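Q: Heads up: the sequence lines are chains A and B, in that order. Following our numbering, the numbering of the first sequence begins with 1 at its first residue and continues without gaps. Following our numbering, the numbering of the second sequence begins with 1 at its first residue and continues without gaps.
Do not take every clue at face value.
[Unchecked claim] Calculated lysine to aspartate or glutamate pairs in the EDC-like style (CA-CA distance at most 16 Å, straight line):
1) B/K74 x B/D169
2) B/K12 x B/D66
3) A/K97 x A/D29
4) A/K97 x B/D148
5) B/K71 x B/D169
6) A/K64 x B/E26
In short, the hints are calculated from the structure, not lab data. This one's a predicted model, so the numbers in the text were calculated from it and none came from an experiment.
So the chains spell out like this:
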Amino acid sequence: MVNYIAIIFILFGFFFVSVAAIGVLRLPDFYTRMHASGKSETLGVMLTLIGFVIYNGFNLVSLKMMLVSAFILLGNPIGTHAISRAAFYSGLEPWRKKDN
Amino acid sequence: MSNGRVLINNLKIFLALFAFWVLLSEKFEVKFILMGLGASLIGTFISREIMILSRRENGDIIHGFDFPVFKYIKYWIWLVGQIIIANIQIAFVILNPKLPINPQIVVFKQKMDNPLAHLSLGNSITLTPGTVTVDIDNGEYIIHALTDDTAAALYFANNQGDIRKKVADLFDEKIEKDDL
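So that you can see chain B by itself, here it is in the shape it has in the complex (with noise of 0.2 Å):
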């Protein structure tokens, strides 16, 4: 990543830690607006190194803030939705006399080089039907599904795995399709 696009970056995290402030000071009297860009200059200052989350094997920087912002949010709409289906799914497992699970743990590797894809594609696991993300290990995967739909859903040789599929093309990752 060139000099031109961090900068773009550290002007993106000005933006949103200006923006926070304001929505919380509710004062837009000039003295408060002034302490608030000094502050958000100072927090961007701070940041800049804590920002460069890894490098990829080229030595491009890959900026905690470089994402494509509106897919980003589509995707977390589309995602929404998909927890309100995994709340109901629950809900009827859980207030089910018989209680119908069956608990087991997955295991699949999805090589991506942004950490960002992995804390996306780590939290969605977590948020969608039955699945638990327990730990991911350099692209390795570990996950509680609770029943056997849900452990099925993770799978692309069931013609499934439509979040890792939908992730790794918000970051323009490329992935295996023969991976388990």
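This is chain A alone, in the form it adopts within the complex (with noise of 0.2 Å):
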């Protein structure tokens, strides 16, 4: 049974990780994409590593886990945010839509 549900978030966290790449793909300029990455990744990391958590029972080793993912929670934002106010701060203009 505990095997069921984490398989089930490790493939919500693996749907998560696989639309923040769709979104790369997709997605028309440099800070749109950053949106993709930025906020699905950590998403999908720590909802993969919850998985690991609940397949793995509590133990140390899981609550390294956890702490893994609190850094992820706490760390992305802060890239995201460091490379967009770089490309900011060398010009970069944001795409916007042709009709306005």
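Fit the two chains together into the complex; they arrive one by one in their own frames, and the hints show the way.
A: Listed below in structure tokens is the structure:
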């Protein structure tokens, strides 16, 4: 039973990481691609790690994995912010819809 | 902030570092515990200057570990819920064959004294629906929003701006409701 819950979590994580990859390919410019990679990846990796924790049961190793997911939650937006800020200051113009 | 508060905050750093050591070493023999205590003490000693982030106008120190821990954890749990909603919305936008996006730059001002409050708000905005923090300069936020709805969600004028209110409450900062 626990295995099934773990599998569901890992599959959801897999889905969100796939969405991030598809988004990076489909969206038109750098800033919009940051949306896909910054958000969906965070949740995808976190869900996968939670799945591992559930599969492993509660011990020190799973505590470490929870720590890793907490650091990803804190660190990933900072990375996104640093890259998009660098792009903004080097003068990259955001893509806009053509009709306005 | 008085000397007592600084001592309490340094104690918090020490305990956090020691807990981290025990968690990573997984060894509970006296030798390793003592090594951990020594390493945490050195770490606390080195970081006592770095942790003073800035000062308020009346000269009070703003300390890097001086935040309400339980309120903060509660806030992050709420935020994880928001992140899940955000991701489902983004997934719908990305997987929609028409790709209904209208990217735009949003600028707003939010004056807060505590750099930690700016850090939390910037992080939260990046993680929640369709917005990425591009730059924070002296309380002025430059945000890239993916769709019209997500851009509108940041303004008080639309009876929204939940994240901004929540972060300001978290650090007891006063914000002006009429900015933009």
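Q: Against the structure shown, which of the earlier numbered hints fail to hold, in ascending order?
A: The structure conflicts with no hint, since it agrees with every one listed earlier.
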